[in-house]
Each structure stands twice: as C-alpha cells, then as structure tokens.
Amino acid sequence: MAAPARRPFRLAAFLERESVFSWLMLTPPVLFLLAFLGYPFIYGVYLSFFHKEVARAAEFVGFGNFVKLNNDPIFWQAVRNTIIFTGVATVLKAGGGLGMALVMNQSFKMKSFARAMLLLPFIVPTVLSTVAWQWILDPGMGLFNRLLVVSGLATTGPSWLGTPTMAMISIIMVNTWRGLPFFGISILAGLQTIPVDLHESATIDGAGTWGRFRYVTLPSLLPVILIVTTFSIVITFFDFQLVYVLTGGGPANSTHLMATYAYSLSMGAGQMGLGSAVALSMVPVLGLLLVLLTLFVRKD
Amino acid sequence: MAKPARSKATRRDFLKLAAAGAAGVAAGPFISRNAQAQPKTITFARESSYVKNFDVHFQNVMMPAYEKATGIKIDYQIQAAGGSAVPQLVSMVENKTGADVAWVQQEWLYRDALVDVSDIAEEVGRQQGGWYDEIKRLSVDKGKWKSVPKGNIGQLMNYRKDWFDEAGVKSFPETWDEFLEAGIKLKAKGHPFGMSMGHGFADNYSWLYPLLWSYGVTVMDKDGKKVALDSSETAKAVEYVKKLYKEACIEDCIGWLDPANNKAFLTGQISCTNNAYSIMVSAKRDLPEMGKVIEHGLNPKGPNGQRYHALVPVTHGIFAHSKDVKAAKDFLRWIMDPKQYRPWIASGDMYFAPYLHAFDKVPEWDIEPRVKPFQKVLETGKLTSWPAPANRQHGEVINRWIVIDMFTKAITGTPTKNAIAEAVSQIKAIYG
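As given, the protein sequences belong to chains A and B, one line each in that order. So in the numbering used here, spot 102 of the first sequence is number 102, and the numbers just go up one at a time. Add 300 to the 1-based position in the second sequence for the numbering used here, that's all there is to it.
Derived from the structure by calculation, the hints contain no laboratory data. In this text the structure is predicted, and so the values were computed from the model without any measurement. It is possible that part of the hints are untrue.
To be verified - Simulated crosslink set (EDC-like; lysine to aspartate or glutamate; CA at most 20 Å straight-line): (1) K536(B) x E547(B); (2) K676(B) x D433(B); (3) K592(B) x D462(B); (4) K442(B) x E53(A); (5) K396(B) x E53(A); (6) K728(B) x E53(A); (7) K396(B) x E367(B); (8) K728(B) x D72(A); (9) K68(A) x E466(B); (10) K489(B) x E551(B); (11) K717(B) x D72(A).
With the rest of the complex left out, here is chain A (with noise of 0.2 Å):
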C-alpha cells in the first residue's frame, strides 16, 4: 500500500485557510487599538503612580497623587460638575431623542430631507459647531440675545457664559444639542423594528395613544435606549473640546469637568503624574454612573 503522497506546502493556500486568515485580517486593528489606545492607557496608569512633571524624571510615590487630589477642591468641584453635566446632558438627550424618533417615525413630506438635516450636529466637527455656538451664545450680538431683545421678550438677555449658573446651563445645552442626533436616529431604528401586530392587538385590547406607547412602544425600545444611554454617558463623561473651547472651565471653575482638569494639570501646570490621575480617577466615577444606570433600568 502506497503511503499517501504529502501535499506539498503551499503559502497561499494556509494564508487562505478560515483560521489563519481570519487572525491575519484581525491582527492590524488589534495592533491599531494597542499602539493608540492600549499604550497611551496604560502609560497613563503607570504615570498616575509617579510625581512626573514635564522634561523631568518620574518619581514613584504610590498613592500620592490620589491623596492629593482628595484634599484639593478644584478636583471634587470638577468631580461634581462632570456628574451634574453627564447627568442632566444624558438625561435631556434621551427625552429629546426620544421625541425626535418618535416624531421622524410620522410620515410626512420631506421626511427623508428633514432626517438627514438632523444627523447636522452630530457631524460637523466639534470644535467647529463650538465656535458658532460662542457666537449664538454672545450677550450682544448674539442669536439668542438677539432674538430675545428683538421679541420683546427681554430687554438684554441673560449672559450665557458669564455666571457660573448660566455657563453651566450653556455647555450642557450645547451637548444636548450635538448628541440629540444620535439618540434619535439610534432610537427610530429601533421604533422601526416593532412588529405593527403589536400595536394593533394592544389597541383591540383598547389602548390609546398613552397606552400603547406606556406598554408596547417604550418597552420594546428599552434595550436600545440602554445601550445608546451607556454610550451617550461615556461619551459625554469625557467630553472636553466643547468646555475647552466655551469656557475653558471657567467661570471658577463651575465648569471645569474632569477631563479639563486633567488637560490643565498636565499640560498647563505641566504636572504629568497629577493629571494621569485626574484622567483615571474618571473611570470609577464612570463605572458609577453605569452601575447607576443598570440598577435604575433593572428597577424599572
């Protein structure tokens, strides 16, 4: 009996196996993710346990950059600002979004257009919508002053960015208005994907309008608000170009968020190790807020 013959070893085809080339196609995002995310993370865990200031050698003090930071007022004044700024932020968009879904679900004319302008926020670059939003929200000679002068609702109107109330206010509007999008195209597909049967056995059963939204429609959309809220929280919880550019954390400091904080510490004050760990005391106080988050839909 002849031995079977060996196929011999062809390149092409072990690069073509299901196995080899699946880890091949998976390899440069994974390698992407660490150099970019992976390192800078990590380095910024290792330089939270050092007194690091810029062009000098790093000194490993432990925990001393935490304990610091539990005794300095800034700190906890960012701390409370980024929970007040995530929460009500997060709060407003999933409301809003959920109308907005709700209302680009209707048929009407020019709905396709009117879907599309609505994306708007969420894709013009940051910064950029910043910069007119410091226009629109100029005492003088902005829209909103404008507008309300002009109306004869007010005589001059309130100075959006000048008390520490108001530039709070301001900056979790801004968000607002930047994130609705994404809260609201997430949640119409959603909408879109609930049988029609549903809503109309619930109405045989003699629902109305609030009914069949209370037990059909927001039921069904939960999971989808779950997870476009978790993401909304991360993303808003590390917002910083917006405050960056609006107030810069000022008025003292009422809207310093932590991730302001971070940038001034290390880049301003050139204080490395303190701002690393600004920047990683964020991701407890992020875990929170999901913890938060999960008890309040499981509740529910």
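Assemble chain B onto chain A, guided by the hints.
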C-alpha cells in the same frame, strides 16, 4: 461555481496588496531618513503672530537669506495661537522630537530640556545696549540663560476715546478709583468696560496682577518661599474688583477666554479692556472708523501710588533633543543679530517690543503714536511671578487660574475672606 473562485481571487489580491503596503511602510523610515540626510534643515516653531507681516517678513526675507548664506533650510512651523502651542511644546519635550528652536512659551515647565544659550544672550546684550533686568529673571535659570528673549507683547488698557469724551472723561484715569468712576459713567451711557476674568492666558492676569501689586500685594514673597497673598490689602483689592465688575463692567467678562474681549470691543459692546494692541490692528484693517478712535492707556496707579504692568514675554530656546545644537545656536545667533533682528522687529510694528536698551530711542517706536505707550510696559512691567522666581510652581498658579478665580469667586458670591483663604491654601499646596 464562479462565485467561490472570484472570492478566492479577491482574498489573494487583498493579501498581495496588503503585503505590498506593509513593505512600503517598512521601507518608509529608510527612505525618509535618506531624504533628510541631504539638505540640512532647522525646524523653528512659533505661535502665529497677530501682526501677519511679522511672519511674512520671516518667511519671505529671512528664511531665503539664511538658506543663501548657509545652505541650511528653515522649516518654519507656525502653531495656531490661542493656547495650543504649550501642549505642543510639552509633547516635543516629552517625546524628545520636533522643533530644534522654538518660541518657548512657559519655559519654566521644561527648562531642563533646553540647552544653555548664555553665550548668545550675553553677546546680544553686550551688542545691543543690555537687557532689561526683569526679563533676566525668566530667561536665566541657576546662573545660565536657558532662552534668548525676543520681545514683549505689551498689554495695556484699550479704550474708545470717543465714548470716553462723550461721558466727560477727558483723559485716561490715573488711579484705579478714577478708573471705576469713569467705568460707572460709561456704563450708564451703555458702554460698559469689559475686563477679562475668565480662564484665558493673558488678558485676565495682565490687569488683575498689576492691580494687586498696586495695592501693595504680591502672591509670594521675594524668595518664593512664603505666600504673601494673605493680607488685608488683598481683601481691599478684591472688594475693588467686585465693585468694578458690578458697577462698570459687562456681565459676561468673568467667563471670557482671550479672544472674547477683542470680539466684544470690535462689536462695540465695551468701551475699555486690557489687551495687546491687536484690537487696534484689527480695527484699522476692518473697521477704519473705529480704528481712528481707539487709544491705549497705562494701567492706573493703586493706593501705593505705583503703576505696574504685566510682561507677556516671547523667548526663543533650543531643545536639548535637537540633532545639531551647534547649527541651532548659529541660527539663533543669526536672527538676533541687529542686521536681521531690527528689520524683523520693525516688520511687526513693535508688537514684540525688544527687552534691549538699544531699542529705547529707535524711530520704530514712532511709526504710530498709539503704539508708543507700549514702551512704558517694558519700564514698569513685571513677570507674573514677581517678585518671586518664575518657576514651575508659579506657572501652576497661573495655569490653574488660582488668583484669577479668587476674584471671580468673590464676585459670584463667595465671601471675600473665604475666596482669599481658598486661594492661599491652594497656593500653599502647589508650593508644597
């Protein structure tokens, strides 16, 4: 049958393409290294100038001249103005790559990464009448020059002469009290002052620090060892600013970043602010009518009878990571040579005022009478660390807006005593 065959071909094509791409990427560094070896270049990084002609002169006149004389090309990297230069410089220092020579903004952050340029600075000083004393406290570190001062961006009160006249304020106020009185009159006429107090990088401290100093207060003592801010005079200064804000200023100004006061002034919303003369430059170019009625006033005197200004220094340094420090030094020496330096400074209409006494009486100061007051800034100007050393702790106080926020906290409701106490405790924590 045809489908799998096509799919195979695509997969193979893709692999080939990917392999070719990877080879290209791998060869890239070698190609570029060889390419770099040929013409020697020096990379010079600077924040873009508000006076465009200054950059244009450098690019069109100086760069070709240097290349002609030495065969070395200058790669002029213009960084966007408005706060992005410092992060770029910090990243160059940390990564030990990037520019050879740079406008080393906030050099106290990374002096250790700059080479000793004492030979150049001392030679330039000897040649050109000597350096102003105050700038040495920035450029000289532990007895060595770590940067060569290039010029000062003067900050003064920019005001609308026509509106001041209308309100019966015939000359610019001499004292802070008169300044408040004038502000009240102008606000009543619908032309409030707009004094920046937000998280910007010059227009806020350029009047708040001089104001503090003229109340006899400094942030630190001379050695930088003891916090000096905790004083009854500070409380008086804070009370003054609260009053000034409430009675004379536009509400928005406590949230302003650096471009905001320019915008407010040019759109006719405010009658006075502290700024460089870039407002006048923009007005003369785009709003000629307004350009005619803008004047510059000195910072008023305080209760101690003294008048102060804050320096906004521009200095050039050489990074230790530069591959050819000698070539970089030759270049820096060349740009500071009066043959190049003087026309360069003149091209910027003295926007960058040299810290050299040889320029005290040059006719360039007379190009525009409204520029002349900026010369006074050199005489009465102090670094923001004054009288303490300009070290990184002082930079941290500035960049975390500790003193600025002391004022804004008081304005937004924190009792003055607490606002000062909070600032003092933060400064103590920074200085350790």
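We went through each hint and held it up to the structure:
For the hint pairing K536(B) with E547(B), the CA-to-CA distance comes to about 16 Å; that is within 20 Å, so the pair holds. Of the pairs offered as hints, the one joining K676(B) and D433(B) holds, with about 14 Å between alpha carbons and a cut-off of 20 Å not exceeded. With a C-alpha separation of about 9 Å, the suggested pair K592(B) and D462(B) falls inside the 20 Å cut-off, and the hint holds. A C-alpha spacing of about 18 Å is found between K442(B) and E53(A), which places the hinted pair at or below 20 Å, so the restraint holds.
The hinted pair formed by K396(B) and E53(A) meets the criterion: a straight-line CA distance of about 15 Å does not exceed 20 Å. Simply put, K728(B) and E53(A) have alpha-carbon atoms about 18 Å apart, close enough for the 20 Å limit, and the pair holds. For the hint pairing K396(B) with E367(B), the CA-to-CA distance comes to about 26 Å; that exceeds 20 Å, so the pair is violated. Taking the CA atoms of K728(B) and D72(A), the gap is about 12 Å. The hint holds against a cut of 20 Å.
Taking the CA atoms of K68(A) and E466(B), the gap is about 54 Å. The hint is violated against a cut of 20 Å. Pair hint K489(B) plus E551(B) holds up; C-alpha atoms about 16 Å apart against a cutoff of 20 Å. Restraint check: the Cα-Cα separation between K717(B) and D72(A) comes to about 19 Å, which is no more than 20 Å; the hinted pair holds.
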